[in-house]
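2 protein chains.
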Amino acid sequence: MENFVFHNPTKLVFGKDTVEKIGEELRKNGIKKVLMIYGGGSIKKNGVYEKVVRSLHDNGITKVELSGIRPNPVLSKVHEAIAVAKKEQVEAILAVGGGSVVDSGKAIAAGYYYEGDIWDAFIGKYAVKKALPLYVVLTMSATGTEMNGNGVITNEETLEKLGFGSKYVYPVVSIVDPTVQYSLPRDQVVYGAIDAISHVMEHYFDVAGSALIDSIDEGIIRTIMSATEKVIEEPENYEARANLCLATTLALNGLTKMGTTGGDWSSHDLQHPLSALKPEVAHGAGLAVVFPAWMTYVRDLISEKLIKFGKNILNLGDDATAERTIDELRRWYKSVGAPITLKELGFTQEDVQKVTQIASKHAPLGKVKRLDTHDIESIYRIAYEF
Amino acid sequence: MENFVFHNPTKLVFGKDTVEKIGEELRKNGIKKVLMIYGGGSIKKNGVYEKVVRSLHDNGITKVELSGIRPNPVLSKVHEAIAVAKKEQVEAILAVGGGSVVDSGKAIAAGYYYEGDIWDAFIGKYAVKKALPLYVVLTMSATGTEMNGNGVITNEETLEKLGFGSKYVYPVVSIVDPTVQYSLPRDQVVYGAIDAISHVMEHYFDVAGSALIDSIDEGIIRTIMSATEKVIEEPENYEARANLCLATTLALNGLTKMGTTGGDWSSHDLQHPLSALKPEVAHGAGLAVVFPAWMTYVRDLISEKLIKFGKNILNLGDDATAERTIDELRRWYKSVGAPITLKELGFTQEDVQKVTQIASKHAPLGKVKRLDTHDIESIYRIAYEF
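Chains as they are written, first to last, in our numbering: chain W, 8 to 393; chain U, 8 to 393.
By construction, these hints were calculated from the structure, which means they are not laboratory data.
Please read all numbers here as calculations on a predicted model, not as lab measurements.
Heads up, some of the hints might be wrong.
As the list makes no split between identical chains, a pair holds if one copy fits it or if it spans any two.
With a straight-line cut-off of 20 Å between C-alpha atoms, the simulated SDA-like cross-links for lysine to any residue are [claimed, not checked]:
| hint | residue 1 | residue 2 |
| --- | --- | --- |
| 1 | 28 | 12 |
| 2 | 39 | 392 |
| 3 | 23 | 214 |
| 4 | 318 | 12 |
| 5 | 376 | 243 |
| 6 | 18 | 31 |
| 7 | 374 | 284 |
| 8 | 23 | 10 |
| 9 | 137 | 36 |
| 10 | 40 | 215 |
| 11 | 94 | 233 |
| 12 | 70 | 131 |
| 13 | 174 | 245 |
| 14 | 137 | 16 |
| 15 | 341 | 236 |
| 16 | 23 | 122 |
| 17 | 136 | 32 |
| 18 | 94 | 120 |
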């Protein structure tokens with residue numbers, strides 16, 4: 008087990024009918040004016056918008072709205088929002104939506120106090136020193152961003168999809184009401200679940216770890232898999248939905264990171280170019296394709312862990328081998344409707360070259376094996392077609 | 008799954024050679040003078056005292072010392088420390104020790120700003136509104152107090168052992184260095200482990216819960232059991248020690264409470280009178296005796312959960328029954344050297360009457376079954392002798 012520091016100040020308000028509490032949480036902290044950001048308007052269909060607006064009104068909080076944040080959120084929108092936040096002198100950012108909206112909220116919150124281009128925080132040129140307080144009403148569980156200090160944004164000009172992290176952008180309060188996710192399309196649920204599984208796996212397959220966190224990781228992944236199957240069958244099954252939501256939050260709030268070196272993260276680094284090149288590729292869909300391909304490529308380096316994964320998560324018993332574990336994981340991804348090849352995602356052989364080029368910009372990637380350009384291309388080739 | 012709020016602002020600094028970081032953590036937060044409290048002086052033998060003092064000195068922090076806090080810490084000592092803290096105008100409490108020292112630190116921190124007797128916070132007459140910041144260097148993992156807002160103190164006059172909780176007494180920073188626990192006596196390790204297991208069980212056997220947290224609970228308890236066995240054999244096995252330390256912290260930092268109604272806690276309520284009557288009875292030793300007795304008494308109400316416990320934690324497979332699970336848990340307690348009857352703890356039949364009387368003051372206890380005086384006495388009778 009590696010030394011670590013865990014410090015997660017986010018207040019998580021979890022459960023049925025909790026959306027209505029947002030106004031009170033803001034008021035208790037003395038906030039009177041927020042920039043409320045959201046996506047394409049699904050919150051107006053599922054009732055969340057109305058509940059939030061009423062709660063703000065009832066608590067005497069003024070809002071400025073900015074909508075239209077899209078999946079794989081882009082830097083230009085962040086710039087636009089920072090300008091509005093400055094002009095309107097808001098006291099906090101209120102992100103109502105899924106991972107894209109919350110991640111944008113983090114970049115906006117940090118950008119508010121930075122004179123330069125906030126993209127500097129993503130390319131390592133600026134260490135965030137201050138940020139507006141961020142409040143979250145989560146409408147889709149997937150990335151875990153509701154309870155951590157990280158965000159991912161795509162720069163449309165450079166085609167780079169990069170992350171930044173800062174202790175200043177942990178949400179002050181995050182409200183997670185599983186019932187507002189009843190109406191999510193099936194593919195979003197599945198890709199969210201795969202994203203969360205992948206977050207746990209990045210830590211599980213780290214070069215360091217512990218028996219304790221391994222056992223917690225295994226419990227989280229098992230729960231996500233069974234809850235996902237249940238939610239697909241019965242979208243309004245509260246228990247399954249709540250288990251899935253909470254598991255995705257715990258997957259990336261620092262718990263699964265304890266005692267590791269911080270995670271491998273090469274599969275995420277290999278996914279980001281996919282969505283950067285084809286923004287219609289959901290993050291979770293890309294991960295379903297690249298993570299098993301990465302496992303296959305580094306199989307001999309993680310074979311013991313793969314066998315443990317097969318036994319303790321996939322119930323393979325004494326039949327578990329590294330290869331069977333990967334096959335079974337892929338089989339499960341397929342069973343819930345996820346793609347498992349780049350071809351299914353619409354990539355051509357030429358595209359493989361392109362994403363290799365984008366991913367290689369930040370090579371070497373990962374820790375289990377430090378991936379160079381050759382390794383990266385090899386993994387994309389494995390992912391291309393089985 | 009019940010609705011819940013999780014908000015744990017403690018910064019956990021975990022790992023080898025982390026004791027030395029205490030001065031820096033205080034300095035970064037602008038603190039210049041602390042009341043340093045500790046117990047019977049074991050920290051002078053294992054090197055922790057020297058490391059803390061040097062770290063404070065190197066960071067320009069002045070200290071006032073108060074030692075002699077004993078296991079099952081008493082209210083009179085808390086009063087004494089509050090007087091010193093006020094007289095010396097300290098800016099923070101620095102607790103260096105195990106659960107007793109940290110719990111005393113919480114009462115002192117809260118008492119500093121209260122005009123009346125801080126015992127009022129324990130009997131529900133005062134809701135804490137402010138406290139001095141509390142910093143912790145943990146030297147024995149057991150109660151989980153290093154990462155929560157609760158403390159337990161014994162009032163020697165009334166023989167009551169009661170707890171209080173407040174968001175203001177979460178430690179600001181807790182340093183957990185597993186290596187400083189290498190020299191702990193075996194019985195303290197075992198009782199610490201049983202205390203932590205009991206904390207998880209209070210939530211596991213709650214009247215509400217979730218598949219996710221159950222699976223995490225199971226992983227934590229399994230890890231505590233195997234790590235305890237290893238640490239008994241090899242006290243300086245870092246991995247086992249680190250797993251045990253981290254598991255005890257996670258057992259009561261709010262994670263295992265998520266989605267429950269807050270835990271049953273009647274076994275703890277039944278243990279406290281044991282230590283109040285006989286202060287030499289370690290908290291974990293008392294729990295090893297009363298928890299299985301409680302399980303036996305309410306067996307039919309929790310039989311499904313007991314079977315799950317037997318299968319997923321004790322590896323009983325398809326042979327798991329409620330009765331076998333309780334037997335096996337007791338057998339494990341015995342195997343690591345814990346008492347499993349009140350008789351072994353030196354209690355007489357007359358003492359059973361006395362503890363029944365003390366425990367009944369706060370009846371009904373628990374949630375799985377609301378225990379009245381008759382129930383309480385029956386459980387103590389089961390615990391008396393097998």
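Against the structure, the hints come out as follows:
1. 28 / 12: between (31 Å within a copy, 12 Å between copies)
2. 39 / 392: neither (54 Å within a copy, 63 Å between copies)
3. 23 / 214: Between. Shortest inter-copy distance 18 Å satisfies the 20 Å Cα cut-off; intra-copy 39 Å does not.
4. 318 / 12: Intra 30 Å, inter 34 Å, cutoff 20 Å: neither.
5. 376 / 243: Close neither inside one copy (42 Å) nor across copies (31 Å); limit 20 Å.
6. 18 / 31: within (13 Å within a copy, 26 Å between copies)
7. 374 / 284: Neither, since 25 Å and 55 Å both go past 20 Å.
8. 23 / 10: Between copies only: 7 Å across, 37 Å inside.
9. 137 / 36: both (18 Å within a copy, 17 Å between copies)
10. 40 / 215: Neither: 45 Å inside a copy, 38 Å across copies.
11. 94 / 233: Result: close neither inside a copy nor across copies, 47 Å intra and 59 Å inter.
12. 70 / 131: Neither. Shortest intra-copy (32 Å) and inter-copy (40 Å) distances fail the 20 Å Cα cut-off.
13. 174 / 245: neither (32 Å within a copy, 30 Å between copies)
14. 137 / 16: Answer is both: 15 Å inside a copy and 19 Å across each meet the 20 Å cutoff.
15. 341 / 236: within (12 Å within a copy, 42 Å between copies)
16. 23 / 122: Neither, since 41 Å and 40 Å both go past 20 Å.
17. 136 / 32: Answer is between; shortest inter-copy Cα gap is 18 Å, intra-copy 24 Å.
18. 94 / 120: Within one copy only: 13 Å inside, 42 Å across.
Comparing the model with each numbered hint stated earlier shows that hints 2, 4, 5, 7, 10, 11, 12, 13 and 16 do not hold.
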